[in-house]
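S.K.: Each chain is listed here by its residues.
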Amino acid sequence: MSLLEVRNLRVTFDTETGLVQAVRGVSFSLGHERLGIVGESGSGKTMTGRAVLRLIRPPGRIEADAMTFDGQDILHASEREMRALRGKRIGMVMQDPKYSLNPVMTVGRQLTEGLRLRDGLGRADATAKAIAALEAVQIRDPGRVMDAYPHELSGGMGQRVMIAMMLIPEPELLIADEPTSALDVTVQAEVLSILDRLVRDRGMGLIFISHDLRLVARFCDRVLVMHKGLVVEEIAASRLLDAKHPYTKGLLNCLPRIGGPRGPLPVLDRAGI
Amino acid sequence: MTSTPAPPPRNRLLPVVTQILLGLGTLAITLLGLLLITFVIARVVPTDPVLSIVGERATEAQIAAIREKLGLDLPLWQQFFIYVWDAMRGDLGTSIKTGAPVASEIARYFPATLELATLGTIFGTLVGVPAGVLAATRPGSIADQIVRVVGLMGYSMPVFWLGLIGLLVFYGQLDWVSGPGRLDPTYDMMMEFTLTSYTGMILIDSALNGAWDVFGNAVSHIILPAGLLGYVSMAYISRMTRSFMMNELGQEYITTARVKGMPEWRVVWVHAMKNVAVPLITVIALSYAYLLEGSVLTETIFAWPGLGSYITDALFSADMPAVLGGTVVVGVVFVTLNMASDILYRLVDPRART
Amino acid sequence: MTALRAWLSDPNPASRRQARLGQAWLAWQRIQRNRLAMAGLIIVAILLLVAAFAPLIAPHDPLTQDLTRRLLPPGTPGNLLGTDDFGRDILSRIIYGARITLYIIALVAVTAPVLGLLIGTVAGYFGGWIDAILMRVTDIFLAFPRLILALALVAVLGPGIENAVLAIALTAWPPYARVARAETLTVRSSDYIAAIRLQGAGAPRIIAGHVVPMCLPSVIIRVTLDMAGVILIAAGLGFLGLGVLPPTPEWGLMISSGRKYLFEQWWVATMPGLAIFIVSLGFNLLGDGLRDVLDPRSASR
Ligand SMILES: Nc1ncnc2c1ncn2[C@@H]1O[C@H](COP(=O)(O)OP(=O)(O)OP(=O)(O)O)[C@@H](O)[C@H]1O
Ligand SMILES: [Mg+2]
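Residue numbers (numbering that gives the first Met the number 0), protein chains in the order written: chain W, 0 to 272; chain E, 0 to 353; chain A, 0 to 300.
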């Protein structure tokens, strides 16, 4: 049985200048596997991920024919039921750690608040868990990072903090929005292998959003190619490099510069190939 | 290359100290400018301060003697220097009307104003912040419209007229509160002769003395003017809270908190509020300063023996040293409040500390 | 009419003027959709009309006393809002008072921004220590509580409408200086200013001819937003007896004279206050809407 089932998802923004259709009918299903979503900037990748958590803000609207998680209807679930899913069972690594961490709360408080509030853990237990999670994403000095404020972290560290934060509750489904764009290769490899282990050993479902076609081709099982809010191609990752659809081909052709590389990775990657 | 860049050193207080020192420098310059303005105003007064002391019929010699005594024969810059020096020592001149030092008179009047403005700010904050948050979390709703209109009305109300209407309705018609003044005359006597004065603020002093009947009477007097000033400050605070909160609720970290499954009250009141608090401190300090100013007019309505009454009374008896002394004091309070909010801002916002 | 509308909302304007008028047309349409702003605009328009046609509208002369008709309550035939302690018609006095209010805010709106523009543009254009000193002075004036400074100034200058205006203007200019300086800084380094300078134009000409016009729009918005505050301060001065002198029907002064009769003849003090409140609310609503329209960031999302 599939973990997540999305049928004909649409996300619409009612703006002053008219309707903006960010997602225009996306369907896919996800098992305990690694699903990649690629597409150029503004193609609706992030909005698709957020729609699954029902976290599109007004004036945005979510419509779909069906959306189920683990057999539960999440299209019509109450806000309360959604809150029970969020964080605990479905996590989402947010795209830009610079804006996605609360600037006036220490990293430690942001990491432990879920544990303390939701799971009722004591301060010491929660801190120990958070530190373990930071170590898992290769942060050398977790004690220090716990006391730091987000603006004191580099982009790569912020990204790892974000990943650690979402992995702490051990979700069944993780939506990772460009989780490794600011990491250098070795750390990236380490983070990917953590995610990989979670999928393989614990059966976590993973939606991996990225600009980086080669990375997705290597890391994921299946890939959705999005363009202007539509899925133009769904393809096994191993066959991505000889995709049929003209848009995917176009993406592949201009590979080194898709949407502008965000980290040092593509350069190094190219050297590696 | 995998090494994590180390976070900056843990000692976060050092930059704060330098900033405070820098701020104090600015404060000194601003205060000097303030004194220069009042000095200039004082020098262009058409009424000759000497004549008002000796009277119209003084001889030349008498006038010259007084001039010398007041330092009016010195060059202007020296006069200014002396003026600043005196002000620094807390000497704001002598009241023409009473012959008492202006500074000590103001010290007697100021607690009443402080009590009123403080209570007003507390009311304004307690109502204004939740109202602003309510409006921001439901933009466009009826609640939002109400907060907006009620706020704009507070902006548009002449505060002295509001005081009159308040008296007319709550004292004259409904008789829910006591009338003008800080206390009924009997309690006033009690306050003066049997109770120890610690702060000059009746609410605090009577509570410290355990004189609860005095306290109750003081409450019945202060509730109306403080409530009205509170409304004025609420108008400002709720508007600013709404706009700050709207801004924060649009940020990405709010979505992160929701992704983590945090309940909405926590998203708003903890995650967003911690960020709103930073600029809100400045707003509350500013509105406190405005209430001190607004009290000038309110106090005349409520016969409130505070700084505002002192200044207006002095105005009508052409007592310029008293008027300017009061102006300087209000200016200093203004500047100091600004300064304090600036420092607090830096303490609260981790980004401003480094 | 429809042709004009099409021309205004043409997405591909043919001329610069069409583009600019099109922008204004868009802004006007957005204001029209904002009901509160329209209410404000209507109130301000009514104020202008009432002031302009006061002699035609007012049922009585604002100064004529009739001691046999003292302190009549509102609703009395012939005296809709009642009469004051000298038997003068309150409605007529309020109508004529609109002229005084308008006179004061017009004078302040003409003087304070000019002073602010001068200081702000000079500071921004020359930069360096001139800028540092002028901005320090601006900050000092900003640090002063406005009403109290105005009080002290009027106390020195003596009461009277022109002195009140002067005192208000002297306390109102700093924000304009700030705005003007910010605008000047953005245009100062632009190419066309450099070109004019190369043609040999002196600083005064460049500032007056080219920098000031660039600052005007933002200053004008600021003026609208400030008008309510000016009305309140003017009324406050009037109330304290430091503005216009009796028997001029100034609203603040009228409240002050009605104070004695507050509990028995409430209308004497209440009515003029209501007028102040409504007019300043009108300016606030209008300014609020203008800001929403002209600053898209603050528009409700
Ligand atoms: N609040 C909004 N109002 C109007 N349109 C919006 C809003 N938020 C997003 N959009 C639109 O939704 C579309 C999809 O955005 P989305 O963030 O999903 O793109 P993306 O594929 O994640 O791009 P990127 O790779 O840059 O992150 C964009 O074209 C954007 O214009
Ligand atoms: Mg995105």
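It cannot be assumed that every hint is accurate.
Said to hold, decoys possible - Just a sample of chain W residues kept apart from chain E, beta carbon distances all over 10 Å, derived:
hint	residue
1	Thr14
2	Glu112
3	Arg122
4	Arg199
5	Arg238
6	Lys243
7	Pro245
Stated by the list, open to error - Cβ pair distances, simulated, as ranges:
hint	chain 1	residue 1	chain 2	residue 2	range
8	E	Ile203	A	Pro203	57 to 65 Å
9	A	Ala181	E	Leu343	22 to 30 Å
10	A	Tyr260	E	Ala339	41 to 49 Å
Since the hints were made in silico from the structure, they are not lab data. C-beta: ideal position from N, C-alpha, C; glycine also.
S.K.: Confirm or reject each hint.
M.R.: Now for the hints, and whether the structure bears them out:
Every CB of chain E lies more than 10 Å from the CB of Thr14 of chain W, the least distance being 14 Å, so the non-interface label holds. Once the 10 Å rule is applied to beta carbons, Glu112 of chain W is inconsistent with being away from chain E; the minimum gap is 7 Å. Consistency note on Arg122 of chain W: stated as away from chain E, and its beta-carbon is indeed over 10 Å from all of that chain's, at 17 Å minimum. For Arg199 of chain W, the condition that its CB be more than 10 Å from all CB atoms of chain E holds, with the nearest at approximately 24 Å.
Taking the minimum C-beta to C-beta distance to chain E, about 32 Å, the non-interface status of Arg238 of chain W holds against the 10 Å cut. Against chain E, the non-interface label of Lys243 of chain W holds: every CB pair exceeds 10 Å, the least being about 35 Å. The Cβ of Pro245 of chain W lies farther than 10 Å from every Cβ of chain E, with a closest approach of about 34 Å, so its non-interface assignment holds. Distance hint for Ile203 of chain E and Pro203 of chain A: a CB-CB separation of about 59 Å, consistent with the stated range 57 to 65 Å.
For the hinted restraint 22 to 30 Å between Ala181 of chain A and Leu343 of chain E, the CB-CB distance of approximately 26 Å keeps it satisfied. Between Tyr260 of chain A and Ala339 of chain E, the C-beta spacing of about 43 Å keeps the proposed range 41 to 49 Å intact.
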